[in-house]
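From just these sequences and the hints, can you work out the full model?
There are 2 protein chains.
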Amino acid sequence: MEIENQVPVQDVTFTQSDIDGLYKTIFNRRDVRSQFKPDPIPDDVLARILQAAHHAPSVGFMQPWNFLVIKSPDVKQQIHDAFTEANEEAAKMFDQEKQKSYRSLKLEGILEAPINLCITCDRSKAGPVVLGRTHIKTMDLYSSVCAVQNLWLAARAEGVGVGWMSIIKEEAFHSILGIPEEVVPIAYLCMGYVSHFNKKPELETAKWRERLPLSEQVFFDQWQQTKTGEQEGLIAELDLNADFPQKFTNLYPG
Amino acid sequence: MEIENQVPVQDVTFTQSDIDGLYKTIFNRRDVRSQFKPDPIPDDVLARILQAAHHAPSVGFMQPWNFLVIKSPDVKQQIHDAFTEANEEAAKMFDQEKQKSYRSLKLEGILEAPINLCITCDRSKAGPVVLGRTHIKTMDLYSSVCAVQNLWLAARAEGVGVGWMSIIKEEAFHSILGIPEEVVPIAYLCMGYVSHFNKKPELETAKWRERLPLSEQVFFDQWQQTKTGEQEGLIAELDLNADFPQKFTNLYPG
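Protein chains in written order, with this note's numbering: chain A, -5 to 248; chain B, -5 to 248.
For the record, the hints were derived by calculation from the structure and aren't laboratory data.
The list treats identical chains as interchangeable, and a pair is accepted whether it falls inside one copy or across any two copies.
Taking lysine to aspartate or glutamate pairs in the EDC-like style, the calculated list, with each CA pair at most 20 Å apart, reads:
{"#": "1", "residue 1": "K163", "residue 2": "E83"}
{"#": "2", "residue 1": "K131", "residue 2": "E83"}
{"#": "3", "residue 1": "K131", "residue 2": "D116"}
{"#": "4", "residue 1": "K86", "residue 2": "D75"}
Every value quoted in this text rests on a predicted model; they were computed, and no experiment measured them.
See the structure below:
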């Protein structure tokens, strides 16, 4: 029985083409807010994207997610109204200079995207005691986030843009979508085909914030302990190959 | 300037080989606890995997993650001790029958895996007001989870097994790894090459819990609203192609 579930090690190595397909997707995935086209997403495409989400890792194999597919113009409009109210509050939280920049950004595509999708976490889905959630209680929320990321990558590979809209009061999701109190709305995603994908994150292009150097985000054995002896090889590698992602984003003419 | 950042739409379509590479990775990714080999992960491989993590989406382009690479046998042993204590507490939370099954499962590979990796969320990394985190305060935690999932997929494609170990008191991460209070340890991952990958999740094989039917996890426009009219196409598609993931896991002989 256990043997049947095993994949011999000589068969687990992916081809370079498989590996490149993954990296190409990861490095070209973008948060899309403003390039949605009205073309519907065919059911077979959406089905594959949802399968990818459903095969995310989950604590105790809990699969705590549900997928709420929203096409109703009325529901979208209510969500958009709640966004608009929250976005005005949000803008005022930034100081004058940053606020001007903030107000110039388009931060959602609720009405234009043919599909909005809310991914939730039903904390009661596998009973009160969940393997792996006994001590760290947020593990089930994190499982639903893994589903979001799988979905986002599958969508990118299928040519579908996804934007995560988080500027809204959480209560709005409960009241507008009828989500019960014990279910946590994890992500509200705007999805659709796009006129183009951007090469870089929009917030990087707009100089809102810079890409941090990866080698400076890595510690060894203890928090804030930087390169020591044998560990220097990894840091050197990260600095030397800092342009590895660009090899995939540069596949497209600028 | 904006033009330079655009990728013309005719170039955004991935080849079938790219798409298959992604799906192959998603559907063959496993939570590994017991098949680690001692072979070191070369620095160039680990660097690529970390690049994938670093290119996860993040709220307000915050990049709140740090990567704490742990190779020290002493640190691993302390984490393992904290796991053992928590795991004993965890076992007792299940009723008699389930407890027996729980105790038969191997739930971590801390000491065997050549690398342990803690991915964190530094909530202060982009100042007090973060674009997109103004109303939903957990968004930065979710960003770090997206980094975990990107890392997990990149590792799988590179032939590296990853297991998420969550049976531990969160305080242990702070005290053993020196992580400050304002930084949240999101995931503790055991990583290494493996003797084999399993075809199915171990908890599915062990009949701990079943894979839920995806078509039953999908709602339309409102919570618990099931197929209505035009939406039936998606449900039919999900049921018809429920074996889509198996097309990729069956690439390997069982």
